[in-house]
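Undergrad: The whole structure should be built from the sequences, with the hints applied where relevant.
Each residue of the sequence shown is one higher than the last, beginning at 1 in my numbering.
It is possible that some hints are incorrect.
To be verified - Across the chosen pairs, the derived CB separations fall in these ranges:
| no. | residue 1 | residue 2 | range |
| --- | --- | --- | --- |
| 1 | E129 | V234 | 25 to 31 Å |
| 2 | V275 | A372 | 21 to 27 Å |
| 3 | A379 | R175 | 36 to 42 Å |
| 4 | D184 | T127 | 45 to 51 Å |
| 5 | T198 | R117 | 48 to 54 Å |
No lab work stands behind these hints: they were computed from the structure.
Every residue gets a Cβ at the ideal spot worked out from N, C-alpha and C, and that includes glycine.
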Amino acid sequence: MDWPDTVGVVGGGVVGLATAYSVAARARAARSTPATSVTVYERDEPGAGSTTRAGCGLRTFYTTRTNVRLAQAGLRFWRRTEQTLGVDVNFRENGYCFLTDDGDTVAELDRQVRRQRAYGGPAFACTPEAVDRVPGLHAEHYRRAVVAPAAGVADPELMVEALLAGCEREGVTVRTETPVTDLDRVDDGVRVGTPEGTETVDRLVNAAGGWAPRVAAMLGDDLPVEPRRRRIAVLDADAPAGLPLTVDLDSGVYFLPGPDGRLLAGGHFSATPTVDPDAALTRERDPDYERDLLDRARRCAAVFDGTTVAESWTGMYAMTDSRVPIVERVDGVVHAAGFSGHGIMQAPGAGQVAADLVAGRRPSLASAAELARDRPTVAPDIQF
Numbered sequence: 001m002d003w004p005d006t007v008g009v010v011g012g013g014v015v016g017l018a019t020a021y022s023v024a025a026r027a028r029a030a031r032s033t034p035a036t037s038v039t040v041y042e043r044d045e046p047g048a049g050s051t052t053r054a055g056c057g058l059r060t061f062y063t064t065r066t067n068v069r070l071a072q073a074g075l076r077f078w079r080r081t082e083q084t085l086g087v088d089v090n091f092r093e094n095g096y097c098f099l100t101d102d103g104d105t106v107a108e109l110d111r112q113v114r115r116q117r118a119y120g121g122p123a124f125a126c127t128p129e130a131v132d133r134v135p136g137l138h139a140e141h142y143r144r145a146v147v148a149p150a151a152g153v154a155d156p157e158l159m160v161e162a163l164l165a166g167c168e169r170e171g172v173t174v175r176t177e178t179p180v181t182d183l184d185r186v187d188d189g190v191r192v193g194t195p196e197g198t199e200t201v202d203r204l205v206n207a208a209g210g211w212a213p214r215v216a217a218m219l220g221d222d223l224p225v226e227p228r229r230r231r232i233a234v235l236d237a238d239a240p241a242g243l244p245l246t247v248d249l250d251s252g253v254y255f256l257p258g259p260d261g262r263l264l265a266g267g268h269f270s271a272t273p274t275v276d277p278d279a280a281l282t283r284e285r286d287p288d289y290e291r292d293l294l295d296r297a298r299r300c301a302a303v304f305d306g307t308t309v310a311e312s313w314t315g316m317y318a319m320t321d322s323r324v325p326i327v328e329r330v331d332g333v334v335h336a337a338g339f340s341g342h343g344i345m346q347a348p349g350a351g352q353v354a355a356d357l358v359a360g361r362r363p364s365l366a367s368a369a370e371l372a373r374d375r376p377t378v379a380p381d382i383q384f
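TA: Shown next as C-alpha cells:
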C-alpha cells in the first residue's frame with residue numbers, strides 16, 4: 001500500500017470520523033515516520049448533521065451482501081468501543097423484529113433469513129404470536145415475524161465521542177466550523193479552500209452525507225445521492241425493558257428504546273422529494289405526521305395506548321437507488337456517501353474500505369465493484 005503524506009476528510013459526521021480514524025490508525029501501523037497527517041473539515045460541530053439525530057439502531061439484516069458485510073464490521077466495532085477507545089456507547093443487544101402481513105413480503109423475508117445465515121448473521125422466522133419481546137404486540141395483524149438477535153441500539157452522541165477519542169489518539173486534526181468552500185484537483189493532489197485559506201492534500205475523502213453531492217460538484221463530479229428528510233419522535237413513555245427495534249414493514253412505522261430509556265418511534269409514510277440539505281434539519285413539530293405515526297404505532301402494539309408525542313425532529317437520509325452506499329475512488333478523491341439511513345451502522349466498515357482506497361489498495365471487506373456508482377442495478381435494500 002502507498003499511504004499518502006496528507007489526507008483531508010470533508011465531513012465530521014460518523015462516516016467522516018470513522019474514515020479519518022481508520023486512515024490514521026492503519027497508516028501509522030503500516031508506515032515508518034512520518035505518519036500520515038489526517039485533517040477533518042467540519043462545517044459545524046462533529047456529528048451535528050444527521051448523526052446525532054438518528055434513532056441509532058444497529059442491524060446486520062439486509063438483502064445485499066455488501067450492506068451485510070459493512071454492517072457486520074460496524075457491529076463488531078461498536079460492541080467494543082469501551083475496550084478499544086475508552087468510551088461506552090451504551091450498546092444494548094436488544095435485537096430487531098420485522099413484521100408483515102403481506103404474502104410477498106413473507107416469502108421474501110423467509111428467503112432473506114436463509115441468506116442471512118449463509119452470511120453468518122443469525123436470524124429466524126416465526127409466527128408473530130411467538131414474539132414475546134414486544135409487549136402488547138397485536139399479533140393478529142401479522143402473518144410473519146423475523147427476529148435478528150445479533151443487533152441492537154446505542155447512543156449516537158456517545159458514538160461521536162468514541163470516534164473523536166480515537167481520532168485524538170491517532171493524531172487526527174478535527175477542524176470545526178470550517179466549511180469547505182472550494183476544491184480543485186491539482187498535479188500534487190487536491191487543493192482545499194476554506195474561509196481560513198487554501199491548502200493542498202494528497203488525497204481527499206468526501207464524507208459529507210447529504211451535502212456530499214455539493215462537495216462532488218466542486219470537483220465537476222456528479223454523485224447520484226439524494227438528500228431526503230426523515231422524522232423521528234420521542235413518546236411520553238418509557239420503552240419496555242429489552243424492547244427490540246421493531247419494524248412494521250407494511251405500514252412503515254418503527255419503534256425502539258432511546259438512549260435515555262424513553263420510547264422512540266418514526267417511519268416514512270409518503271413520498272418525500274429531494275431536499276436542500278441546509279434546510280432539512282429542524283426541531284419544529286409536525287402535528288399531522290405525529291397523528292399518523294401514533295395511529296400506525298397503536299395498530300402495531302398496545303405499548304402505544306395512551307401515549308403522546310413529547311417532541312420530534314427531522315434528520316436526513318442521503319439516498320442511493322439501491323440503498324447501498326457509494327464508496328469509490330475517482331482520481332485522488334474517495335467518495336463515501338449515500339448510506340441511505342445506515343451510516344451509523346456501516347461507518348466503521350466503510351471507513352476501512354475508504355482507507356484501502358486512499359492507499360490505492362483493493363478493499364478486502366467488500367467488493368469495490370458493488371460500491372461503485374456504476375454497479376449493476378439491484379432491488380432496493382430494506383430501508384425505513
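Undergrad: Each hint should be assessed against the structure and marked as holding or not.
TA: Okay, the hints, checked on the actual structure:
no. : hint                    : in the structure
1   : E129 / V234: 25 to 31 Å : 30 Å, holds
2   : V275 / A372: 21 to 27 Å : 26 Å, holds
3   : A379 / R175: 36 to 42 Å : 40 Å, holds
4   : D184 / T127: 45 to 51 Å : 59 Å, violated
5   : T198 / R117: 48 to 54 Å : 52 Å, holds
When held up to the earlier numbered hints, the structure conflicts with hint 4 and nothing else.
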